Each structure stands twice: as structure tokens, then as C-alpha cells.
Amino acid sequence: MTQTLDASGRIQAVTVLELGPCAVSQIKTRPIDGYDAIQITWGRKKHSRTSSAELGHFKKAEVAAGIATREFQPRGDVQLKLGQIIRVHEVFAAGDLVDVTGISKGRGFAGVIKRHHFGGFPNSRGTHEYFRHGGSIGNRSFPGRVRKGLRMAGQMGNERVTILNQKILEVLPDENLVLVAGAVPGANHGIVVVRHAVKQQRELELAVNG
Amino acid sequence: MNDVIRKLEERSLRKDIPQFRVGDSLRLQVRVVEGEKERIQPFEGIVIKINRGGNRATFTVRKVSYGIGVERIFPLHSPRLEKIQVLSRGKVRRARLYYLRKLSGKAARVETVG
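Just so you know, the protein sequences line up as chains Z and H, in that order. Heads up: the first sequence begins at 1 in the working numbering, then just goes up one per residue. Heads up: the second sequence begins at 1 in the working numbering, then just goes up one per residue.
Looking at chain Z on its own, in the form it has when it is part of the complex:
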């Protein structure tokens, strides 16, 4: 992440994403696969790390084996050919709203204070070995069980997270870069999936009505 300064001196926190170029590695169609989708691949995987199954799959489309391969639902009636290279500026423009999906940073097995922002217990006045506990988790013989969904300690992070409706501020086609307002899930150099915002339309309508 970094920030941008506009002509009036306004500061905006941005995330720099490298998007594409991606190659179309498979086109799924309803008769063969049961649904329509475009499979694209990004980056280049070392030959020694590519399985023979992957090699055969990418050879069909005559594209280099990629590091990340993802499926997308085509928007409208875009005609894509197998093996075609897709660049950022062909898909996104400044001002577009996008959804960014990534794997969030893992925090391991986290306690309730870190994971659910519990308040903990006083550091003095008789607290004995009970500083970062969650407190009571239920009643007595009625109901005699712990409620479903009660917030407790457990794995935090390292899960798939999607941030909806993030704004693209700038597209730099030569460098394959996109500047997105705000933060995106995951660590630096992590892999993210960017798609056009799915809920954008509804929000626009709401804005008109409201």
C-alpha cells in the first residue's frame, strides 16, 4: 500500500495491484461442462514445478503454465478465443467498482480478545489467572448446552475474504498496474482475484431512490 496526492492536496490510501497479462486457458461451455465460464491464467510457473496434468491442460490452449489459474463468469457477450492474452486496460478503467478476493493474513489460533475484540478482565483487583478469557459461555441446566455460533477462540485469518465495491483510481497499462482505493485482503505479494462489482448495480439504484 501507499498513498496518492491529488492536485488539491487530498491524500488517498491506495493498494497497488499487478493485474495481468492473463491468458485464456480454457473456455467452458454448457454442452460440455454444464456451465459457461472462462478460465484464465496469470504468471509463469517453473517447468519443474508443473505437474504433467497441468502441462497437458495448458498445452491444449497453447499457453504457458501459469502460477494462478482462476475461472470467471463472462460479462455480457464478450468473445474470447482460447490462448488469447487479456490486458488490464481491456477489462478495467479508472472509476470502475470492483470486488477484490484474497486469502487474509493468518493469525493462527487466536484468543477472543484478538479475534472478537472482547474486553478481557481487569489487570488487578483480585483477577486470578483470568486476564484474557471470554467469561461465561452459557447458563446452567437450562438450556444445558452452549448456544450455536457463540464467539470463542479459534483460527483467525488465512481464509478467503472478498471486499466489495472498491474503486479503481488509476490504470497503468504499460506496467500492468491498477491503483485501488483502500486495502485489499492478504499479505504483500499475495495473489488476489479482481472482478467487476457484483452488487454495484443495486447500490446505484438505491442511490437514485434514496
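Be a bit skeptical, because a hint or two may be false.
[Claimed, not checked] A few chain H positions that, by computed beta-carbon distances, are all more than 10 Å from chain Z:
1) Gln19
2) Arg21
3) Ser25
4) Gln29
5) Arg39
6) Ile40
7) Arg89
8) Ser104
9) Ala107
10) Arg109
11) Val110
[As the list claims (entries may be wrong)] Chain Z is faced by these chain H residues, among others (derived, beta-carbon under 10 Å):
12) Asn2
13) Arg6
14) Arg11
15) Gly54
16) Arg56
17) Arg80
[Claimed, not checked] Using 20 Å as the maximum straight-line C-alpha spacing, the simulated EDC-like pairs for lysine to aspartate or glutamate come out as follows:
18) H:Lys15 <-> Z:Asp6
19) H:Lys49 <-> H:Glu71
20) H:Lys83 <-> H:Glu38
21) H:Lys49 <-> H:Glu111
22) Z:Lys28 <-> Z:Asp77
23) H:Lys7 <-> Z:Glu18
24) H:Lys83 <-> Z:Asp6
25) Z:Lys81 <-> Z:Asp36
26) H:Lys37 <-> Z:Asp6
27) H:Lys7 <-> Z:Glu175
28) H:Lys106 <-> H:Glu44
29) H:Lys7 <-> Z:Glu170
30) Z:Lys45 <-> Z:Glu18
31) H:Lys37 <-> H:Glu82
32) H:Lys106 <-> H:Glu71
33) H:Lys91 <-> H:Glu44
34) H:Lys7 <-> Z:Asp6
35) Z:Lys28 <-> Z:Glu71
36) Z:Lys167 <-> Z:Asp6
37) Z:Lys60 <-> Z:Asp36
38) Z:Lys105 <-> Z:Glu159
39) Z:Lys60 <-> Z:Glu71
40) Z:Lys167 <-> Z:Glu18
Think of the hints as simulated: they come from the structure by calculation, not from any bench. It should be emphasised that the depicted structure is a prediction, and the values quoted were computed from it without experimental measurement. We put the CB at the ideal spot given by N, CA and C, even for glycine.
Assemble chain H onto chain Z, guided by the hints.
Frame of chain Z; chain H shown alone:
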């Protein structure tokens, strides 16, 4: 730092900023937007902190206005800074002059050099 990000930040760096250090006295011409109108407001004081880092760099200027200490943090590369004028060079032994906050009157001065 990441080369890609460094290159992006270089686009918004200003090249017309004079060299100044912590302890120097500055006179700033700050562009202020009031409703529709824009005017220039001077701000004069001692630099007590410089926070470096590409286009995210900031500096803090402290002055005492009618007996009240005032500190303003400016982005170093902000286009709202019309002009930065160095009034005097200070001789200080610290990177952060937070100790000035506890001092008043003659004690709150910084020795000048040159």
C-alpha cells in the same frame, strides 16, 4: 521498498522543496480552502519532527500562538504548500524535539547556527 511502489510515489514528489532539518525555523505559505474561496495563510514555527518515506513524508511545525502551543503536521509533498521558506537553521541534538512542549518562554528556543 518495493520498486514498483517507489516509482509510483516518485510521480507525486515535489522537486522545489528547500532542504531543511529538525530544529530549523520555517515560514510556510499554506493554501487554505474556505467554502468557495482559496487564500494563502502563513504559518511560522520550528520543525520538531520529520517523518520520511517517499510521497508519504510529513513534517511537524510547532509555534506558540497567544500563549497556546500549536503544532501542525504537513505532508512534505503537498501541493497545498505554496512556499516553504527557511528562516534560520537550528542546532539540535535530537531528531524529535518533543521536549519543547514542556518548555515555555526563553527556554523553548532553539540555538541557531550560521
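Taking the hints in turn, this is what the structure says about them:
1. Gln19: holds, 20 Å
2. Arg21: It holds; arginine 21 of chain H is separated from chain Z by about 23 Å at its closest Cβ, greater than 10 Å.
3. Ser25: Given a closest Cβ separation of 23 Å, the condition holds.
4. Gln29: holds, 13 Å
5. Arg39: holds, 14 Å
6. Ile40: Holds, since 13 Å exceeds 10 Å.
7. Arg89: Label holds. Min Cβ-Cβ 27 Å, cutoff 10 Å.
8. Ser104: Given that every Cβ of chain Z is farther than 10 Å from that of serine 104 of chain H, nearest at about 32 Å, it holds.
9. Ala107: holds, 35 Å
10. Arg109: holds, 31 Å
11. Val110: Correct as stated: the minimum Cβ-Cβ distance to chain Z is 28 Å, above 10 Å.
12. Asn2: Holds, because the Cβ-Cβ distance from asparagine 2 of chain H to chain Z comes to roughly 8 Å (cut-off 10 Å).
13. Arg6: holds, 9 Å
14. Arg11: holds, 9 Å
15. Gly54: Holds - the Cβ of glycine 54 of chain H comes within 10 Å of chain Z, reaching about 7 Å at its closest.
16. Arg56: With a minimum Cβ separation of about 6 Å from chain Z (threshold 10 Å), the hint on arginine 56 of chain H holds.
17. Arg80: holds, 4 Å
18. H:Lys15 <-> Z:Asp6: Between lysine 15 of chain H and aspartate 6 of chain Z the Cα gap is close to 16 Å, so the pair holds against 20 Å.
19. H:Lys49 <-> H:Glu71: This hinted pair holds, its Cα atoms lying about 10 Å apart.
20. H:Lys83 <-> H:Glu38: holds, 15 Å
21. H:Lys49 <-> H:Glu111: Cα-Cα ~16 Å, so holds.
22. Z:Lys28 <-> Z:Asp77: Since the Cα atoms of lysine 28 of chain Z and aspartate 77 of chain Z sit roughly 14 Å apart, the hinted pair holds (cutoff 20 Å).
23. H:Lys7 <-> Z:Glu18: The given pair, whose Cα atoms are some 14 Å apart, holds under the 20 Å limit.
24. H:Lys83 <-> Z:Asp6: Holds - the C-alpha atoms of aspartate 6 of chain Z and lysine 83 of chain H are around 18 Å apart, at most 20 Å.
25. Z:Lys81 <-> Z:Asp36: It holds: about 14 Å lies between the C-alpha atoms, which stays within 20 Å.
26. H:Lys37 <-> Z:Asp6: holds, 19 Å
27. H:Lys7 <-> Z:Glu175: holds, 11 Å
28. H:Lys106 <-> H:Glu44: holds, 17 Å
29. H:Lys7 <-> Z:Glu170: holds, 15 Å
30. Z:Lys45 <-> Z:Glu18: holds, 17 Å
31. H:Lys37 <-> H:Glu82: Holds, because 16 Å separates the two Cα atoms, which is no more than 20 Å.
32. H:Lys106 <-> H:Glu71: Given that 20 Å is the threshold and the Cα spacing comes to 18 Å, the pair holds.
33. H:Lys91 <-> H:Glu44: holds, 18 Å
34. H:Lys7 <-> Z:Asp6: holds, 16 Å
35. Z:Lys28 <-> Z:Glu71: Holds, because 9 Å separates the two Cα atoms, which is no more than 20 Å.
36. Z:Lys167 <-> Z:Asp6: Given that 20 Å is the threshold and the Cα spacing comes to 16 Å, the pair holds.
37. Z:Lys60 <-> Z:Asp36: Cα-Cα ~18 Å, so holds.
38. Z:Lys105 <-> Z:Glu159: holds, 8 Å
39. Z:Lys60 <-> Z:Glu71: It holds: about 17 Å lies between the C-alpha atoms, which stays within 20 Å.
40. Z:Lys167 <-> Z:Glu18: holds, 15 Å
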